[in-house]
Amino acid sequence: MTCEESTRLLPGYFDGELDLVHTLEIEEHVRGCAACSRALEGDRALRSAFTRADLRFAVPARLEKNVRAAVSRAMPKESPSRKNNWQWAFATAAMALFAVLAWRLLPITQQPGPNAMAEEAIANHIRSLMPGHLSDVESTDQHTVKPWFDGRVDFSPPVENFAAQGFPLIGGRLDYLGHRPAAALVYQRRKHYINVFVAPAPGIADGREPRVTSQGYSALAWTRGAMSYWVVSDLNPMELEEFARLLRGER
Amino acid sequence: MEASQNEQFERLILPHLGAAYNLARWLVRNPDDAEDLVQDAMLRAVRFFAGFRGGDARAWLLAIVRNSCFTWLQRHRAAELNEEFDEETHTPTAVQASQEQSALAGEEAGRLRSALEVIPAAFREAVVLREIEGMSYKEIAAVAGVSIGTVMSRLARGRERLRGALAPVAERQAGAKEGAGP
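Line by line, the protein sequences give chains A and B. Each residue of the first sequence is one higher than the last, beginning at 6 in my numbering. Each residue of the second sequence is one higher than the last, beginning at 9 in my numbering.
Okay, chain A solo, but in the shape it has when bound (with noise of 0.2 Å):
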């Protein structure tokens, strides 16, 4: 590993974020160089000077006592009349309508483009190869994997296997993508592992975004009836193309 390689790569070892493969490149560097290693004690000291320093303010009770009554105010209260259903019916619309521009309108400088959000699915898809991150549900049966996104994310995301082709389903997971959170699929060819990161994607019309690659992975996107795909792995394109066409259904 070489020491520019270290360098980006030793806030992960110091925080313990990083593979074995790479802990172990890093911990081997490390040994004989010296300015990584300085890095680091450096790092370690820094950590012990915000433990004994104990930067955290305190909240004031002022505020937690106004944050809990007006909370309390805000939420809708037990059997209200059915004058203030409507009141709450309406309140409610204006807010979601105002939750709806704002989550439009705001996101315009903030929200990652499709080529930072394939970008996060390859750092996703890395982040998932270490020990013990592959998946939270492991199963090769659909019928298994599709309930258990149930009551975990808030639409029902296309599962099927594709074992017969070549591409076994291997499990699901929990994930984030573009802050909010998504559900991971997990295929295999051969060696070689699939994420497929699907998420809702309100008012985006259906089409297909370019190839990104990336630190030998590549990322395929496309958006199809208001549900985006994120398929990543370090499968060859052509491969992830045909695995690709299985998922959007075009045999």
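No lab work stands behind these hints, which were simulated from the structure alone. Careful: at least some of the hints might be erroneous.
Stated by the list, open to error - Pairs of lysine to any residue, SDA-like flavour, derived with a Cα cap of 20 Å:
1) B/K146 - A/M135
2) B/K146 - A/G21
3) B/K146 - B/E18
4) A/K70 - B/E18
5) A/K70 - B/K146
6) B/K146 - A/D20
To be verified - Over the 12 Å line for every Cβ pair with chain A, so calculated as not near, a few chain B residues:
7) H84
8) R85
9) A87
10) A129
Bear in mind the structure is a predicted one, so any value in this text is a computation, not a measurement. C-beta atoms are modelled at their ideal positions from N, C-alpha and C, and glycine is treated no differently.
On the provided structure of chain A, position chain B as indicated by the hints.
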């Protein structure tokens, strides 16, 4: 159903009021504005709570709080936020100045506090969530709405500045341990 929603909010979201206030306080660095922003963010949280589908309640709430704070910073201290883009020229001086100030206080906690106050808000956010809240990269990424790689690089750059602020202390300690000479 409505009553249980109130209970759920109290059970799931209110326990994270402390984390919410701490983050806001570090981002806007002023107790009065932090209080206003948190109160406002909690009401927004109530409004959006119907859309909360379980999962990480703390990250969910903190995402609302940080968005309020960054919107506020954009409106009231845009110059400071923009500083982040040419941080290389501005911030080291600011760290130094704050260090000199806190050198009077002479203690490590004070130096760390003032150094953390002057690093760019995005770095400060990552450091506060990691070192004070103990959140994972994934949780921080969910709060800040950025990729895990971005979280890692923000932490690296934030810590680099903070290490600088602590370095003299660490060196002195090392010197004392070794019983070093001049």
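Exercise for review: Could you grab the alpha-carbon distance between B/K146 and A/M135 and see if it respects the 20 Å cut-off?
Suggested key: Judged against 20 Å, a Cα distance of about 13 Å means the pair holds.
Check your understanding: Is the nearest CB of chain A more than 12 Å from the CB of B/A87?
Key -> holds, 18 Å
Review point. Between A/K70 and B/K146, is the straight-line Cα distance small enough, at 20 Å or below?
Key: With Cα atoms ~32 Å apart, A/K70 and B/K146 exceed 20 Å; violated.
Review point. Is the hinted pair A/K70 and B/E18 satisfied, with a Cα-Cα distance of at most 20 Å?
Key: holds, 13 Å
Check your understanding: Is the Cα-Cα distance between B/K146 and A/G21 20 Å or less?
Key -> holds, 12 Å
**Study point:** Non-interface label on B/R85, tested against every C-beta of chain A at 12 Å
**Key:** Label holds. Min Cβ-Cβ 17 Å, cutoff 12 Å.
Review point. Has the given pair, B/K146 with A/D20, been kept, meaning a C-alpha gap of at most 20 Å?
Key: Distance of about 12 Å is within 20 Å: holds.
Check your understanding: Given the proposed pairing of B/K146 with B/E18, does the C-alpha separation stay at or below 20 Å?
Key -> violated, 25 Å
Review point. Is it the case that B/H84 keeps its Cβ farther than 12 Å from each residue Cβ in chain A?
Key: Nearest chain A Cβ is 17 Å from B/H84, so the label holds.
Point to revise | Interface exclusion of B/A129 relative to chain A, criterion Cβ beyond 12 Å | key: Per Cβ check, B/A129 is outside 12 Å of chain A; nearest 14 Å; holds.
Hints 3 and 5, counting from the list given before, are not met by this structure.
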